[in-house]
Amino acid sequence: MSLGRLYVDGLGVFEGESIGRDVVSKGELVFTTSPSGYLKSITDPSYSGQILVFSFPFIGSYGVGEIGESGQPRVRGVVVNHVPEIMKEEFSSYLEKWGIPGLVLKDTRKIVDYIRTNGNRLGSFGADEFVDPYKSNLIDDTLDNEVPSEGNLLLIDLGYKRNILKFLSEYSVSIVPYNRFDLKQLERVDGVVVSNGPGDPTYIDLAGFVGKLKTVIERKPTLGICLGHQLISLSLGMKTEKMKFGHRSINHPVEDVSTGRIGITTHNHGFTVVFDSSKGARERYRSMNDGTNEGLEGRNFLTSQFHPEGGPGPIDEMRIFAEFKRLMNER
Amino acid sequence: MSVDPAPKKVLIIGSGPIVIGQSAEFDYSGNQAIKAIVKEGIDVVVANSNPATIQTDRREGIKPKMVPLNEESMTRLIDEERPDAILGTFGGQTGLNLLVELWKSGVLSSRNVKILGTQPEAVEISEDRLKFKEKMQEIGEPVLESYYCSTLQDSIKFSKQIGFPIVVRPSFTLGGSGGGIAHNVEELRSIVEQGIYLSEVGSILIEKSVIGWNELEVEVVRDSSGNKIAVCTMENVDPMGVHTGDSIVVTPFLTLNDLHYQRIRSAALKIAERLNIVGSCNVQFAFNDGTGEYYVIEVNPRLSRSSALASKATGYPIARVAALISLGKRLSEIENTVTGERNAAREPAIDYVVVKCPVWPVEKFPEEDFKLGTQMKSTGEAMSIGKTLSEAFRKSLRSTGTMNRKVTFDESLLSIPNPERELQIYEAFKRGYTLDKISSLTGWKKLFVSELISAFDAEYTSSGFSVVDTCAGEFDVKTPYYYSSDPGNKIAGDVIVLGGGPITIGQGIEFDYSCVHISQRLRKKGFRVIMVNDNPETVSTDFDESDFLVFDPVDFETVRNVVLNSTARYLVPWFGGQKPINMLKRIQQEFGDRLKILGTSVESIDTLEVREKFAVLMREMGIPYPEYQFASTDTFMTEIGKLSFPVIVRPSYTISGAHMAVLKSQEEAEEYLKFHGRFVKEFLVEKYLENSIEAELDGVSDGERVLIPGIIEHIEEAGIHSGDSTSIFPSKNIPNHIQETMKEYTKLICRRLGIVGPINIQFAIKDNIVHIIEINPRSSRTFPFVSKISGINLSEIAADVLLGEKLTNNPPTRELVGIKVPIFPFDKLKGSDVILGPEMKSTGEVIGMGRDLKSALLNGYEAAGYDITKEGVIISITSTKINEFLGIVKIINDSGKVIYSTEGTHDKLSRYGINTVKIKKIFEGSQNPLDILKLGNISGVINILSENYKSENDGKLMRRACYERRVLYMSTRTQAAAFAEVISKEFVESKAGND
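Protein chains in written order, with the working numbering: chain A, 1 to 331; chain B, 1 to 995.
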């Protein structure tokens, strides 16, 4: 067993068992309480720039064979309370293969309590210095360089999760990175999905794209998920703000304001939209935990701050995909 | 959303006595629901025949009715109390069945009683397997290929289509009674016959077997607007084939990837939706992790053992939420009491792993084959919380006593699920078996095998406590509870109250009842209570019944952690049964300087617990007690010679009833030694007070005065365990001066030993001489029974005394008579003889109350399920004893009952002018008592065997037949006398006059 160190800004250093690649790695410390789908979380592009702490202490229990949310791990490091003995080798090798550091630490709850009380802080594997990930472009590294195909549905990639495609299986989907998106691409499609992704929605590199979104939602039925939701809100003129420690779990109840019904949803966001009813959209979903906005509905678009596709987590609110389909059919 | 006005008075049906499959979890669930409903300003009437329950306590807004749980009795109750709504989903299968009966018969609609929560139509779909199958097919959920049969022929026909092995499940029974797995036609034949018989509707389901698949459960809560959450996921460590009540279960799912996890969760939610569940339900699945296939096995549309476990495992109070939903509230309108937010819609998140481990009454039923299958056999369970699975396993092994048990390794036992499988697995590992091999033999996942083995090997220390907070640290919390962990934090608290742990025979719900009262009283007096218990089925482990709930095994390690990591300075060990008492000496030795044990001194306890010291005390005080001797196999005959026959012999220092016997002669003693001497090396031999009357009392002593509400009289003679005796309180047949002697002895002993707190003393009265058989310086099994009838809350008074208060004059007792009738698990434990002896066998009890003994007896028999109004009585009395019974038989005859008797009895009775129908003995062929029983018109059997009767088999067959048909079986004069009294013409007439 080799010793690993995690430095937590403002809290000090934690020593534990090092697993995965023993490298210096810096990012924002966040936690999820999800007990399932650890591999999906690790590979979720929305976690780019972040060191992920698992509240659930028994991680790795079913190996690493699960299909990920992208082709490789996206987190900057993993902190777990425990990995079952017979799974440790497999889990550690997986992280090692992708160059990700991990730490097995009995005191994970202390970090969780600290984050809950003080908000997200920076963390660092192996070095007592911190780097704010939001000062750099977190999206571009996660993008696949796929050649856009001739599909009838356009998925604008900001670091999309593979599970989203499962709910779009009846369409021919062409995926285009946000930075190669061109309004001309709208002509041949019936609808647009603006994907999830990491980072601050107001990051400078996204400004041009946000400008185009105003046109997108006017011209094509649009579904925005997570970052996609935030960017559409920005394009409407609403504001976003950084949350204290965000929402990152698979057990969050959201209320569908249009029906009063509640669904349990997966969340992974550190920023939130400050809903403004004067900007041309209704509030469609609201968090039952803290009342923050969780989705919009406009004349021609739907957005969700949560992940209707789960991965990991429930798909209680997957009906948003059906509604999106209806929007497209109505055209 | 419900537009009906809120009800003003709700009737809640309880679950009745503790039986295998229905334990304390329904007192917990019901009580939590009651608390929630009363808080809404609604009156509650609770119907439950089990006195050892918190829910039957009289409290503000709550009216307990300890009545029999059957349709007639409930109809009477509804007419008396006029509730405008009823809840039947909090009383287990008993409550649910009763609700359906009352609904079908129109009792509810004709009296405008609204059914709250899940409606009976939905209940019927879940309970009737054919309807269930159709419904699942309709909504596209996979179910096993199965056929519904009401005849043996049909089941054999369909078995050919399905192919063996085949699972047989009877419709509408308790705890899966009578089910089984058949591997061939012969097995099918016997299981089907029994299943059809036990099913209330005479039908069974045979289905494709998925033995060996993964068994999964999801606990769902849904409101009437269709909002729903999965509160908890549970994975059975034991594969399909072992009843989930007998399985080791972990929470949450640990071996499923997210795709599978969500597939099962989504299916559970969908099923709750389509069944229109209002409240909570539990959905069980068989899952094949190789293929990802699953089948829906069953749905329990009510609170259940699993819902109690799910609540305790997550901190989410399912019963409370389900009750409020039943009143029309939506999930979003209900507060999460742990975090204090108005948001019961969030699915709980946990940052620990939970293991549930059952316990079986293996030692009590030596004849029973404890192979685990579809018939549940465990009496209780421990829930353990750890950061890792092996840590949680370790706590389970501690709690269930497995760590201290030894087994002989037997490879074949790896592939047969049985209560000692953890030890067999560990032994196999030590012998070099690979994890893969053990996994394939046991059907356990390799992960579980590996974690279990490290639980045996690793040492876990704790340095304080972690919390159960429903959200894994994501939100601030108000009222969490705790489990030991490392690292851990300190807690506050003043007094530690030790609970009883898992429910076993002899260590039942009665102790939890007292623990809850103690906690309430101590808190009222301003003390912060730390409750230690790991039984998820109990009220004491409800999050708001103490200030700091420590959910850990009731053992020394836990006490050490609490002492070192809390501010507690006092310990109350008297209310958790024998378990806490056994570690007092050690606690005193190690922590005596920092922890004060409130009440009786450890030295006095020692005097009472150590046999030799007890004998010296009795001799010094001049109190008669049964003489005894310790003997080895070598000295057995000589030591026995020092006592006169008959004697009771039991293995010394073991808790096994396997080798216990009453010996009446030199020959029997020799025979006993020859056989049992091979297994047992040391014995305690005690003088057996034959034909004596047994009695006991409960009291509270302050060291000077003793409060004794009365004497409990046992109907069975001495030699039958007090817990198994039908008991009368206050005693009606024991002469006053004898009762006074018992009270006097009690006072003398309490003063002499400085007893402060609760006390229970057991007596045998022979030839008007009072002998003390046993003294328990703690709260006893009968505390709730005595408290409920006398109206004196003994636990509360005991709490006051422990805090240093002095007793004043005896408070007045109520003018009521109560009878406690024990309930036995022989229907689940089919291999065991239905016979009572010095070893306790009952799992629970019912109460009958009345203004006089007879009406109490009548109610008691009815509550226990005996119908003594039937016209026939079977009597068989050995010729030497028949004279003693003449008076009794005459009363029975005069009452108009038809008496069936075997030849000898018939002839003798006819000589006294009593006409009976002559029948044959069992071995003589047809028209024997077994055939008569089948007619179904028998209200009781009096079977008095000769003392030298060698053919025990007849008695055994008769006892089991009576038990299975719920016919009162009487083997002693006192039992028969009580029966005669109740059915007597005079009494029946007086009853009729009263009505």
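Please note that a few of the clues may not be correct.
Restricting the straight-line Cα-Cα distance to at most 27 Å, the calculated cross-link-like pairs of lysine-lysine (DSS-like) are [stated by the list, open to error]: (1) A/K220 / A/K135; (2) A/K88 / B/K806; (3) B/K596 / B/K642; (4) B/K104 / B/K157; (5) B/K908 / B/K956; (6) A/K244 / A/K220; (7) B/K830 / B/K806; (8) B/K525 / B/K430; (9) B/K881 / B/K870; (10) A/K110 / B/K908; (11) B/K585 / B/K642; (12) B/K766 / B/K806; (13) B/K114 / B/K39; (14) B/K63 / B/K8; (15) A/K325 / B/K270; (16) B/K881 / B/K830; (17) B/K747 / B/K585; (18) B/K985 / A/K106; (19) A/K88 / B/K920; (20) B/K613 / B/K490; (21) A/K110 / B/K585; (22) B/K664 / B/K446; (23) A/K106 / B/K664; (24) B/K674 / B/K908; (25) B/K934 / B/K920; (26) B/K920 / A/K106; (27) B/K446 / A/K97; (28) B/K406 / B/K446; (29) B/K114 / B/K104; (30) B/K104 / A/K244; (31) A/K88 / B/K921; (32) B/K956 / B/K920; (33) B/K687 / A/K166; (34) B/K114 / B/K157; (35) A/K325 / A/K242; (36) B/K596 / B/K39.
Residues of chain B clear of chain A, computed beta-carbon distances all greater than 12 Å [to be verified]: (37) S110; (38) L256; (39) N257; (40) R346.
For the record, the hints were derived by calculation from the structure and aren't laboratory data. Positions of the beta carbon are idealized from the N, C-alpha and C atoms, including for glycine.
Outcome of the hint check:
1. With a CA separation close to 32 Å, the supplied pair A/K220 and A/K135 exceeds the 27 Å bound.
2. About 61 Å separates the Cα atoms of A/K88 and B/K806, which puts this hinted pair outside 27 Å; it is violated.
3. Simply put, B/K596 and B/K642 have alpha-carbon atoms about 43 Å apart, too far for the 27 Å limit, and the pair is violated.
4. Between B/K104 and B/K157 the alpha-carbon distance is near 33 Å, which puts this suggested pair outside the 27 Å criterion.
5. Restraint check for B/K908 and B/K956: satisfied, since their Cα atoms lie roughly 24 Å apart, inside the 27 Å limit.
6. Of the pairs offered as hints, the one joining A/K244 and A/K220 is violated, with about 34 Å between alpha carbons and a cut-off of 27 Å exceeded.
7. With a C-alpha separation of about 50 Å, the suggested pair B/K830 and B/K806 falls outside the 27 Å cut-off, and the hint is violated.
8. Restraint check for B/K525 and B/K430: the C-alpha separation of about 53 Å exceeds 27 Å, so the hint is violated.
9. For the hint pairing B/K881 with B/K870, the CA-to-CA distance comes to about 26 Å; that is within 27 Å, so the pair holds.
10. Pair hint A/K110 plus B/K908 does not hold up; C-alpha atoms about 83 Å apart against a cutoff of 27 Å.
11. For the given pair, B/K585 sits about 33 Å from B/K642 by alpha-carbon distance, which is inconsistent with the 27 Å threshold.
12. In summary, the hint linking B/K766 to B/K806 is not supported, as the alpha carbons are separated by about 35 Å, beyond the 27 Å threshold.
13. A hinted pair counts as satisfied when its Cα atoms are at most 27 Å apart, and B/K114 with B/K39 qualifies at roughly 20 Å.
14. Pair hint B/K63 plus B/K8 holds up; C-alpha atoms about 13 Å apart against a cutoff of 27 Å.
15. Distance check on the hinted pair: A/K325 and B/K270 sit about 22 Å apart at the alpha-carbon level, within 27 Å; holds.
16. Simply put, B/K881 and B/K830 have alpha-carbon atoms about 31 Å apart, too far for the 27 Å limit, and the pair is violated.
17. A threshold of 27 Å between alpha carbons decides the hint, and for B/K747 with B/K585 the separation of about 25 Å falls inside it, so the pair holds.
18. Note on B/K985 and A/K106: the hinted pairing is violated, with a Cα-Cα distance of about 74 Å set against a maximum of 27 Å.
19. Of the pairs offered as hints, the one joining A/K88 and B/K920 is violated, with about 71 Å between alpha carbons and a cut-off of 27 Å exceeded.
20. With a CA separation close to 40 Å, the supplied pair B/K613 and B/K490 exceeds the 27 Å bound.
21. The suggested pairing of A/K110 with B/K585 is violated, with an alpha-carbon distance near 37 Å, which exceeds 27 Å.
22. A C-alpha spacing of about 54 Å is found between B/K664 and B/K446, which places the hinted pair above 27 Å, so the restraint is violated.
23. A hinted pair counts as satisfied when its Cα atoms are at most 27 Å apart, and A/K106 with B/K664 does not qualify at roughly 63 Å.
24. In summary, the hint linking B/K674 to B/K908 is not supported, as the alpha carbons are separated by about 39 Å, beyond the 27 Å threshold.
25. Taking the CA atoms of B/K934 and B/K920, the gap is about 15 Å. The hint holds against a cut of 27 Å.
26. Among the hinted pairs, B/K920 with A/K106 is inconsistent with the structure: their alpha-carbon atoms are about 73 Å apart, more than 27 Å.
27. At most 27 Å may separate the alpha-carbon atoms for a hinted pair to count; B/K446 and A/K97 meet this at roughly 25 Å.
28. Between B/K406 and B/K446 the alpha-carbon distance is near 23 Å, which keeps this suggested pair within the 27 Å criterion.
29. Between B/K114 and B/K104 the CA atoms are separated by roughly 13 Å; this keeps the pair inside 27 Å, and the hint holds.
30. Of the supplied pair hints, the one linking B/K104 and A/K244 is violated, its CA atoms being roughly 56 Å apart against a limit of 27 Å.
31. At roughly 69 Å between alpha-carbon atoms, A/K88 and B/K921 are farther apart than 27 Å, so this suggested pair is violated.
32. For the given pair, B/K956 sits about 17 Å from B/K920 by alpha-carbon distance, which is consistent with the 27 Å threshold.
33. Simply put, B/K687 and A/K166 have alpha-carbon atoms about 78 Å apart, too far for the 27 Å limit, and the pair is violated.
34. Taking the CA atoms of B/K114 and B/K157, the gap is about 44 Å. The hint is violated against a cut of 27 Å.
35. The straight-line distance between the Cα atoms of A/K325 and A/K242 is roughly 32 Å, outside the 27 Å bound, and the hint therefore fails.
36. Between B/K596 and B/K39 the alpha-carbon distance is near 37 Å, which puts this suggested pair outside the 27 Å criterion.
37. Every beta carbon of chain A lies more than 12 Å from that of B/S110, the smallest distance being close to 36 Å; the non-interface claim holds.
38. The Cβ of B/L256 sits about 7 Å from the closest Cβ of chain A, inside the 12 Å cut-off, so the non-interface label is violated.
39. Taking the minimum C-beta to C-beta distance to chain A, about 4 Å, the non-interface status of B/N257 is violated against the 12 Å cut.
40. At the 12 Å boundary, the C-beta of B/R346 falls inside the reach of chain A, the nearest C-beta of that chain being 5 Å off.
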